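A.B. asks: Working from the sequences, and respecting the hints, build out all of it.
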Amino acid sequence: MELDYLATVLLSSLASASILLIATIGLAVVFGLMGVINLAHGEFLMIGAYAALTTTKLGIPYILSIPVAVLITMAIGAVVEILVIRRLYGRIFDTMLATWGISMAFLQLAVLIFGTVTPGIGMPQYNFQIGDYSLAGYPILMIGVAALMMAFVYFLMTKTVYGMKARASIQEPEMARAIGIQSARVNTMTFAIGCGLAGFAGAVLLPIVPATPSMGSVFVIKAFLTVVVAGPVTLTGSALAAIGLGGGASVTASFLTSVAGDAFFFLITATLLWLYPLGISAKWRWKM
Amino acid sequence: MKKSLVSIGVAITVALSAQFAHAETKIGAIFDLTGGLNIYGIQQNNALQLAVENINANGGVLGEPIEVVTYDAQSELSKYTQFANTALLRDHIDALFAGLTSSSREAIRPIVRKGNVPYFYASLYEGGACDKQTFVTGSTASQQLSVLIEWAVNKYGKKIYIMAPDYNFGTISAHWIHEYAKQNGAEVVGEDFLSLAVTDYAPTIQKIQASKPDFVVALPVGANQTGFLEQFSAAGLKDKIGLVSTNYGSGNQQVVVSPAAGEGLITNQGYFMHVDNPTNAKFVELWTAKYGNDTPIVSVAVDTWNAVNLWAAAVNKAGKADAGDVIAALESGLTFDAPNGTVTLEPGSHHLRQNIYIVEGDDNHGFKTVETFTDVIPSYEREKCDLIANPTLAKHFTPDDK
Amino acid sequence: MNFSQKLYSSAGVVFPAFGTIAVLASSGLIDPYLAYVATSWIIFGLLGLSLDIVWGRGGLLSLGQTAFYGLGGYFGSVIAINMAPVTGNTLIWSLPAGAAFGALSAAALGYIIFYARMGSLQSTILSYTFTLLLLVLTQTFRLDVGDAVIGGDNGMSNIPGFVLGFGSAAEALTPNSAFATVVVIAAVLYFFTRWLMRSTFGRIVNCVRIDSQKTELLGYDVRKYQLLNFAYAGAIAGIAGAMFGAWSNYLNPSVFSVSEAISVPIFVLVGGLGTLAGPFLGALIIGGLSFWLGGGSVGGQTTLILGLILVLLVMYLQNGMLGGLTLVWKKFLPDSNEAARLAGAVQIDTDVLEGILKDAADHAGPAKDVSSTNLFKQFGGVIPVNKISRHFTTGRPYSIIGPNGAGKSSFLKTCVGIYKPEGGKVQLGDEDITRSQIFDRVKKGLGVKNQKPQVYGELTVLENLWVAAFSRTRNDADALVICNKILGMLGFEKQSGVEASALSHGQQQWLDIGMVLCLAPRVVFLDEPAAGMTNEETRELSLLVRTLAKHTTVVVVEHDMEFVRTLEGHVTVLHQGKVFAEGDIQTVRANERVLDIYLGRREHV
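So the sequence lines, in the order shown, correspond to chains A, B and C. The working numbering numbers the first residue of the first sequence as 1 and each following residue consecutively. The working numbering numbers the first residue of the second sequence as 1 and each following residue consecutively. The working numbering numbers the first residue of the third sequence as 1 and each following residue consecutively.
Treat the hints with care, as some may be off.
[As the list claims (entries may be wrong)] Here are the simulated EDC-like pairs of lysine to aspartate or glutamate, each with C-alpha atoms no more than 16 Å apart in a straight line: (1) Lys395/B / Asp147/C; (2) Lys240/B / Glu2/A; (3) Lys212/B / Glu2/A; (4) Lys395/B / Glu422/C; (5) Lys212/B / Asp132/A; (6) Lys238/B / Asp276/B; (7) Lys212/B / Glu172/A; (8) Lys155/B / Asp239/B; (9) Lys114/B / Glu171/C; (10) Lys283/A / Asp147/C.
What the hints contain is simulated information worked out from the structure, not anything from laboratory work. In this text, all values refer to a predicted model and were calculated from it rather than measured experimentally.
C.D. replies: As structure tokens, this is what we get:
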């Protein structure tokens, strides 16, 4: 195997892992800080994509449409938390089923509002060359975006008052209550941030995955498995799981077939759960 | 006695409430009006309603208007089974128009066979469905690929790469690409089958570059897989390697794909909205008057339009709506002046001889015609499936290997 | 018991039986089309039942039931296609084949889930992954088995319908007779399942759901029960799948799809989790609703409406239709837990206790010693058990004391097997049990009572004791004899029918101790048994422990120095995971260093 092919494969597999991580991180935050599996995560991603798309169509530059998408998804996320999630707190499987119902409703609403096909914005026609191979530039850029998202969440959790409250309420719930942290408000914020991150992902991935009502379902299954394999440690756990599963699947697909890549993803998920029944990060001392 | 009184009562109520009180014929329509596949299902259903309205306005069949019963399959396969039985057992329809995916057709076929009701499948597909009750108005993979591969080999060169979805449509299409490559002295230098949930196209893009083809036959399914086309173009491959498809555009993917990526892509099907002939002009006018012109009309819509009109012609020819007579009339070599040119229903194979258009994506989410092939024969179905000589045949033929 | 109470306790038989009879009686009269559609609702109800067994009874939300359903359907149909021309009758082939294949595939998946001791969320996800993997793989899976053609995404066609007659002339049943046949099969399976869930097997499966650790501490191999339960549910799903194949005459990979997988929990939730009959009601309601909406009554917004209905159901109808009805009905019945308030203070009659203990010794042999050698346990940087070597024997109680965080409970949990040690060994008698599973240690004579009272809140006092006693005797009658003795000793005769959750904290402690005694343990570990007890109760407890120590080895972890003093036994002081001091209570109390660590004074902290 030529060196340039190998380099191309490694670089683009890292990009694939980053794309998975971008799509996953909001889910991981909500799971890590609230213990809630949000099955409507994919639909928030879709809402983010449509928000960015609609804003762009109104003539606003694409880069400015991303914050708009984040704000819209955060607002919808907060409403969903207050109306539904809050009432089911502590009932993890009921929450899963309720969010699944929400995802069905959002999907159909998107079909009603946007129809089934909407013009996409396309991928920036920028590429670069490694030996004989040329690579699209935008997906490679996602490696940097994923790193930035990680840094942002790390900052949010460790350096802000909200972050400390959120971590306190999941690690020491009784103590947190005793010192007057209102866990309901913290949870609304956490869920909104998780949905905002999904909206960000939908907006930033829009050039790669065109906006369709069903785009969420494509991501959510793998994102969901990544989070569970990662276990309780939100940031490092998800990053490691995304690189291992997403990157591994992409490398497998490059050398074998795309189906082998998919099978790799599912089989490694099963194997890791067998070896680490509570997720790979269950016994780590590092908590971020 | 009591029971018959009740049923008379029911019959009267039904008769009074029905829009056409003396409907002689009744057809069933099962399409995906909601869920992931409604991008096709809504257009199929619109085309069917439009065709029925048009026929009824012109005197109906057997001098009476046609009545339609509509069901929403919700993009779920089990609903096809359920509603096909509903249509046959409860609503006693005379003909069924249903289905988009191959699996939906396969779910319906045993039911219509048992109930002996003519069934029209109006969608492009991998080919090979064969039984007495089933009539296919879409083009088949071999029908489209026979002309496309020859054209592309002449245009781009002899090295082919296949990117196909990993299920029957993809694997059987791949078989035909191999077959026609051989016939045209070309070779397949690489192939990759993608599961429907794939969003990561980087491996495929690299494999394409590694095997250095002259052109790629890409068969992306649904809007999600159009991401492949974006990435192909963004990686700068579009200028070096040709890209042709048989299903790009069948679900208006050209609307989703950005002009930068969509311009110059080659695709071929039995119908495109811009096809230039008087029948199509009239059809497009009727359509836009009723449904507006937000979304371009796709080929499955015209396939459905053709199916309803062929059935109506057959009933009028037979003089009654009984299954046996209608099937016999359908097997009499009917032709129809369709929006996509004249189509002929082959008596033996129950497939259509029809035009195939090779088109090229323009810079404004549309297509322009490159070449038209008239009256293309569904050769594989004609070879395998002769329902005149062998009326009890009930099979789904697949070429042996992939 | 009045009529309403009797009806309440047998509602699971009476109403389904009435329902079955009514449906069968009308099956010949209804419209064939309705019969046809309703057949599918019964089949989905059966699929829901299989999930209810796993989730409502076993406690695992499995999203893999459609996988077993699909696999059972495919396998049963392949056999039916090939055998139908020979025998005519299809059900004698497809049902057993579907059941066997469903059970086998469930057992394979269940083995991984239960024997790896996976967390509940991880188990759900793994079962989901299994279904998705099948969905991916079957898209392209093509195979001809005799006359059956499995054609990847195009599926398998020509599956014969329901044929009861024999011989080549046998015809498929009409929709009405097929409906009646499916109703009969579903009813048989429902009643058998209900019987099974009320048998000893089902009662233990129930206990595993309520408190898996406690059930293992009572000596049951919980993995085995969960696995068997899962495989049984797999068989039910497989039968449902085989009938679905016969109903639709067609199967394809969409049976493994996401929407199919998640529709099953909806049936169960709508009907009522754990009710067994609920899933049938749920399938009927959802099937009817989706059918009605699909008919175009609401402009085709089916998914939107179903999605919102699901959210509302989860939020407002937590117990489902049947669960909700049961709660309302229960309000009109006399409170069966009333007796809990009448219970007096427990008074240990040492003669009765001695008798029980002698009996136990007759059956289970003499007391066993237990010892630890260099036992070592680490959590990250914390070492709660740092090379502790101890030997405990019968005669007088051993107490382990120490300040908070000294490693007392961790030492006990490591000896019992709840924690796996990184080094050293544990011996019971002369057997090395360091690597043994918890239930195995219990079978060898270990009895454990954890700090919090572990009782099955939903079960009655008698049932709680019975589960413990049955673990030892494996005989219903013998177990009842033991239960009655313990009930007498605790003075709980009048409370035997009370739900354990209605007891006070102290009473639950006594019940838990009673359960441990039912096991006739040769070594007893008690973790803070006096917590939450009144002074009076503590005195009785002390008496019980001292009596117990004459016949078995007893190790008590305790915080309460006064209680330890009354035990008049041997005392070990732990500090920072190590043995710090030991001797009798007076010696320990006189030790300045012990006071230092208890009071947090500088020198030894």
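A.B. asks: Kindly indicate which numbered hints from before are broken by the structure, ordering the numbers from low to high.
C.D. replies: Hints 2, 4, 6, 7, 10 not satisfied by this model.
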